[in-house]
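Build out the structure end to end from the sequences listed, making use of the hints.
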Amino acid sequence: VTFTPASPLTITNGSSSATFTYTDTKAGTPTITAASTSPTTITSATQVETVNAAAASQLVFTTQPSSNTVAGVSFATQPVVTIEDQFGNAVTTGSDSTTNVALTLTTGTGTLAGTTTMAAVAGVANFTGKGLNINLVGTNKVLTATATVTAGTKTATTSPALTITFAPASQLVFTTQPSASTVAGVAFATQPVVTIED
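Numbering (the working numbering), first residue to last: 1 to 198.
Don't take every hint at face value.
Computed Cβ-Cβ distance ranges for the label pairs, DEER-style [what the hints assert, rightly or not]:
1. N140 - A167: 15 to 25 Å
2. P8 - T139: 50 to 60 Å
3. T163 - Q47: 48 to 58 Å
4. Q191 - A71: 22 to 32 Å
5. T115 - A169: 25 to 35 Å
6. V60 - Q177: 43 to 53 Å
7. V173 - S67: 24 to 34 Å
8. V121 - T37: 38 to 48 Å
Pairs of lysine to aspartate or glutamate, EDC-like flavour, derived with a Cα cap of 16 Å [said to hold, decoys possible]:
9. K26 - D85
10. K154 - D85
11. K26 - E49
Simulated from the structure, these hints should not be mistaken for laboratory data. Using N, Cα and C, we set each Cβ at its ideal position, and we do this for glycine too.
Take a look at the structure:
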C-alpha cells in the first residue's frame, strides 16, 4: 500500500482539503481512515475501497500433486492451479477467471491419465477428485499447467519432480518367447524370458 504524497498529509492554510493517490497491490476491500492529528477534536472519516485483481499474467500450482505415488493410482493429493495477476492475486472475475486449465506430463515417461483439462472457477482449477495418475514408474516426472488468457497463453511454474513407484505384482508375461520349433532333446535356440509385472 502506498500513499502519494506519503502520510501524514498537511492541509495548508486557506485550503479545505488535501489530495492524495492511493495504490494497493492486494485485492480485497481495505478501509482507508483519515484522522486529524492536530487538532484531535476533528471527527475522523473512513472509506471502504474495492481493489480488484489486475490482468491475468501467470498460473501457479497453489496445491502441488503428491510427490510420490504408485503407478496407475490417483495422486493422494491432486493439484490445484490458480490464475493470478502479477501481484499474486487470484483473478476471480471476467473471462480469464473461467478459462480452461490443462495439465500435461512434460518431463519423464508415461501417460498422465484422469481429467487433465478443466475450467477454472473464480480463477481456481481444482483437480481434486479428477483421478490424475501416471502409469509408468520412474523419477523426475514433471507436470506443467497451461491456459489461454486475454494476454495470451500462460504457462505455470512446473510442479516439483514426481516419483512413481511400482504397483503390486499382478501378472507374468513372456517378454521373450521360446523358439516356436525345435528338435526333440535339443535346447531351444531361443530360451524364454518371463517378467513379473504390475
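Status of each hint after checking the structure:
1. N140 - A167: 15 to 25 Å: 19 Å, holds
2. P8 - T139: 50 to 60 Å: Holds, since P8 and T139 (Cβ atoms, about 58 Å apart) stay within the stated range.
3. T163 - Q47: 48 to 58 Å: 52 Å, holds
4. Q191 - A71: 22 to 32 Å: 29 Å, holds
5. T115 - A169: 25 to 35 Å: 29 Å, holds
6. V60 - Q177: 43 to 53 Å: 50 Å, holds
7. V173 - S67: 24 to 34 Å: 30 Å, holds
8. V121 - T37: 38 to 48 Å: Because 46 Å falls inside the window, the suggested range holds.
9. K26 - D85: Holds. K26 to D85 sits at ~10 Å (cutoff 16 Å).
10. K154 - D85: Holds - the C-alpha atoms of D85 and K154 are around 11 Å apart, at most 16 Å.
11. K26 - E49: 12 Å, holds
Figure legend: structure checked against the earlier numbered hints; every hint is met.
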